Amino acid sequence: MWGILGRRAVVVDGGFSASCLRSRMRSGLVSARSYAAGSKEMTVRDALNSAIDEEMSADPKVFVMGEEVGQYQGAYKITKGLLEKYGPERVYDTPITEAGFTGIGVGAAYAGLKPVVEFMTFNFSMQAIDHIINSAAKSNYMSAGQINVPIVFRGPNGAAAGVGAQHSQCYAAWYASVPGLKVLAPYSAEDARGLLKAAIRDPDPVVFLENELLYGESFPISEEALDSSFCLPIGKAKIEREGKDVTITTFSKMVGFALKAAEKLAEEGISAEVINLRSIRPLDRATINASVRKTSRLVTVEEGFPQHGVCAEICASVVEESFSYLDAPVERIAGADVPMPYAANLERLALPQVEDIVRAAKRACFRSK
Amino acid sequence: MALSRRLTSRSTLISHPLSAAFNRFISTDTTPITIETSLPFTAHLCDPPSRSVESSTQELLSFFRTMALMRRMEIAADSLYKAKLIRGFCHLYDGQEAVAIGMEAAITKKDAIITAYRDHCIFLGRGGSLYEVFAELMGRRDGCSRGKGGSMHFYKKDSSFYGGHGIVGAQVPLGCGIAFAQKYGKEEAVTFAMYGDGAANQGQLFEALNISALWDLPSILVCENNHYGMGTAEWRAAKSPSYYKRGDYVPGLKVDGMDAFAVKQACKFAKEHALKNGPIILEMDTYRYHGHSMSDPGSTYRTRDEISGVRQERDPIERIKKLVLSHDLATEKELKDMEKEIRKEVDDAIAKAKDCPMPEPSELFTNVYVKGFGTESFGADRKEVKAALP
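Top line first, the protein sequences correspond to chains A and B. The letter at position 180 of the first sequence is residue 180 when you use UniProt numbering, and the numbering goes up by one with no holes. The letter at position 305 of the second sequence is residue 305 when you use UniProt numbering, and the numbering goes up by one with no holes.
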């Protein structure tokens, strides 16, 4: 069932093997069934855990730091078992002092180590954001290449369920606006493994935005993706579902919603192409624009606040580069422009739902209902 | 005293071409001398080191020369700033030279230093050249950060100098992180994280100190207390300006920061302590003659009498000069000649730096990432100016 449409992993550290080239040529293609039949399944949680485990095993400079990552096994169990396996000299439980431990992590990276710093949620990263931006992102530039910062900042981002305004914000747009950072957002287990391994190996600071509600979700995973050398390229989006009538771009949890929306649209004769961004910075403008030039319509989806969001950047890019291909105004589906409310019905209204994506796609196709 | 042309490696600055007059003093004769610090150390949770500092004739002379060079460099930077050849921020260190020089004398290039934005002299002490300093200050391509950093962002990684930071206090957790890496790699080296009395109140400092103490990191926090955080005197900013005690459970030492030998002794003591017992705080009682930066006259929040008083009573270079003379290592005239030569060295470096071109426009897009994967980056008009990041 794989045949020539099977997808091969691309090792990210620059080796241009034949398989790398083949996969680069194929990066725009995907089969209708992206995963091999009869393959294993893996939760996103296990995918992340195995990725960190393998990278720690391969490189003694990689270490993990954060609140409850060690003895507690991780607030969301992502770092489960790592303290037992690697000991307290590789897995560090920190006090609840984000500014302090993030600064320490960045300093360790200055001196050549490879920290994987966990934020219990990215909401808490705001306490450390000066270190992420001013100490990490800008150092390579300000020092003209003397001080690079091979650090990964990871943790759950965006809304969970019922956690309220201070625990639900999406930081993709904030971090992705900063030159010097790389910002990744996995969706599937394969994304989680491949992107996290790439992030840990990367010599630049990477903000790795996970999603709490995806941790428990299972996805089929290929043998390839289970290999310890598996890596996904940074800066390349994945076409999850091919289509010809409308392009839907999104990332993280919303990819699942977009795929469901595509199913519903298919029932009504609209063929939607779903793009999983995977990488918010660098943004794969080439893949997005190529898709829009094919479909002539864009619906871009994100969970975060609408103003100055990731969707806004994508709309701008498409209007700038593919204006004459557009047959309809660009559409944005985003979180509501309000702090996240607690009540279940209000929370539902504050987040994009499948029906919102379907409606926007139909609007783009000038279908009224 | 033996005449010798052989230069020692005590300070890389001595390896510059020198006049015959100065060569007379650079000898392999490391006659040991003992210098008493002018003031005792005040200790918190530790036993202070002895006031008798082991040194040598060569070290004493090199202190004079290097500090005079630092002083001259900063004064020259003042003129360049007023001539609008240096733009933006320029924070000068004159008055504080003893801290930079004393610290270098106690440590190796494997020990790391990180500081804030008043970093020109620290960079020089770590082995940077005058030319790189002036070229960077004037934004030229041969600057130590290729013109892309500016006054506040000097680095010299091969000498374990990690900058040069503009955000007050941020360098302290970063320094503790470098110490973490040193311990992780079992390097038997320490990190000096320098900060001012203004930064001493930053929360992240206490967060980093807590973690350093918990994890026994070889971090040495050095508070350069020049008594003013920009325009705010210490008593207006800190409920307790005993910065050496602010570590609470972390030992501390208060040091006369205008006495290079006291600084050397304290740093030596701190390094031994940190390698065995974890973090320690050093408070250097020092003073800056200039205002906070070149845009601050420095006289609206302190009196001219205070400034001239310190210059008369406590100037660090004058102190070393007196020691050189009292130990008969040089005459007044010889020291004056040395200063003339230093002036020329600085002027030559400036002239050379003035001739250095600015960075190529393509440098706008370099070093954003180590691995850019060919991703696109844009200029102000993205349809006009685009680049693929290498």
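Note that these hints are calculated values from the structure, not bench results. Note that this is a predicted model, so its numbers are computed, not measured. Check before you lean on any hint, since a few could be wrong.
[Stated by the list, open to error] DSSO-like cross-link-like pairs, simulated, lysine-lysine; straight-line CA separation at most 30 Å: (1) B/Lys84 with A/Lys61; (2) B/Lys84 with B/Lys276; (3) B/Lys276 with A/Lys85; (4) A/Lys61 with B/Lys186.
[As the list claims (entries may be wrong)] Stretch-level coverage of chain A by chain B, calculated; a stretch enters the list once three of its residues show a Cβ under 8 Å from a Cβ in chain B: (5) 135-149; (6) 230-237.
[As the list claims (entries may be wrong)] Not close to chain A: a few residues of chain B, all C-beta gaps over 12 Å, as computed: (7) Ser52; (8) Asp78; (9) Tyr81; (10) Gly143; (11) Ser212; (12) Glu272; (13) Gly309; (14) Leu323; (15) Leu335; (16) Asp337; (17) Thr375.
Ideal placement from N, C-alpha and C gives every residue a C-beta, glycine not left out.
Check: Which of the numbered hints are not met once you compare them with the structure shown?
Finding: 1, 2, 10, 11 and 17
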